[in-house]
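One-letter residues, chain by chain:
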Amino acid sequence: DTAVSQTPKYLVTQMGNDKSIKCEQNLGHDTMYWYKQDSKKFLKIMFSYNNKELIINETVPNRFSPKSPDKAHLNLHINSLELGDSAVYFCASTRGTNEKLFFGSGTQLSVL
Amino acid sequence: AQSVTQLDSHVSVSEGTPVLLRCNYSSSYSPSLFWYVQHPNKGLQLLLKYTSAATLVKGINGFEAEFKKSETSFHLTKPSAHMSDAAEYFCVVSDLAGRRALTFGSGTRLQVQP
Chain A
1 DTAVSQTPKY
11 LVTQMGNDKS
21 IKCEQNLGHD
31 TMYWYKQDSK
41 KFLKIMFSYN
51 NKELIINETV
61 PNRFSPKSPD
71 KAHLNLHINS
81 LELGDSAVYF
91 CASTRGTNEK
101 LFFGSGTQLS
111 VL
Chain B
1 AQSVTQLDSH
11 VSVSEGTPVL
21 LRCNYSSSYS
31 PSLFWYVQHP
41 NKGLQLLLKY
51 TSAATLVKGI
61 NGFEAEFKKS
71 ETSFHLTKPS
81 AHMSDAAEYF
91 CVVSDLAGRR
101 ALTFGSGTRL
111 QVQP
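Protein chains in written order, with the working numbering: chain A, 1 to 112; chain B, 1 to 114.
Take the hints with a grain of salt, since some may be wrong.
Short derived list, chain B residues pointing at chain A, Cβ under 7 Å [to be verified]:
(1) Gly43
(2) Leu46
(3) Ser106
Not close to chain A: a few residues of chain B, all C-beta gaps over 10 Å, as computed [to be verified]:
(4) Thr5
(5) Asp8
(6) Val13
(7) Thr77
Treat the hints as calculated values from the structure; they're not laboratory data. All figures in this text were calculated on a predicted structure; none of them were measured in a lab. Beta carbons: idealized from backbone N, C-alpha and C, even for Gly.
Build out the structure end to end from the sequences listed, making use of the hints.
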């Protein structure tokens, strides 16, 4: 059973398109995150939701919009994709103040 | 503000020899510190965590790390490297300002030679 699952695993698209990445966790966690990993492997937090409420919103362009329909899901929608959006996006979750993060396997986004 | 610096972007060792991955941190609070490992094309997995209990923390797969406040360091070690240890390792510090955000280091790629 996959604890944190994201789809799709690979996403290749043209500049200007709109795309979504989905994330689901079956761990009963109440906090979910989106991280972006660039080509140099640097990981940076983008968003965090706790019980469907946005608690962290780093300096991310407003073309990126997270949506949390329930505690188990945190989707990431990206409008007007740009070349610089190419990266690996990781979803993660944790329970309460327990800071052990469980990561999904990542979505590799390539914008052409 | 908090930050973490991984002193080596790449470390290469021979199988069976010790591993040392270096990490220095900066934090305004008593930090929580972590090491995560990322195998190729995989998500990240927690190796170990320090939260102000014992300064020597034992993790999975034979790894351990020692918290040294005077040196603001949290280096990761393993007595004997295995081929399966080849991966990217991230040192992480926790933001205790209520945001529960983790700040990741830039990563150290560990290569294990046969």
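Here is how each hint holds up against the structure:
| no. | hint | verdict |
| --- | --- | --- |
| 1 | Gly43 | holds, 4 Å |
| 2 | Leu46 | holds, 5 Å |
| 3 | Ser106 | holds, 5 Å |
| 4 | Thr5 | holds, 12 Å |
| 5 | Asp8 | holds, 13 Å |
| 6 | Val13 | holds, 19 Å |
| 7 | Thr77 | holds, 21 Å |
The structure agrees with every numbered hint stated previously.
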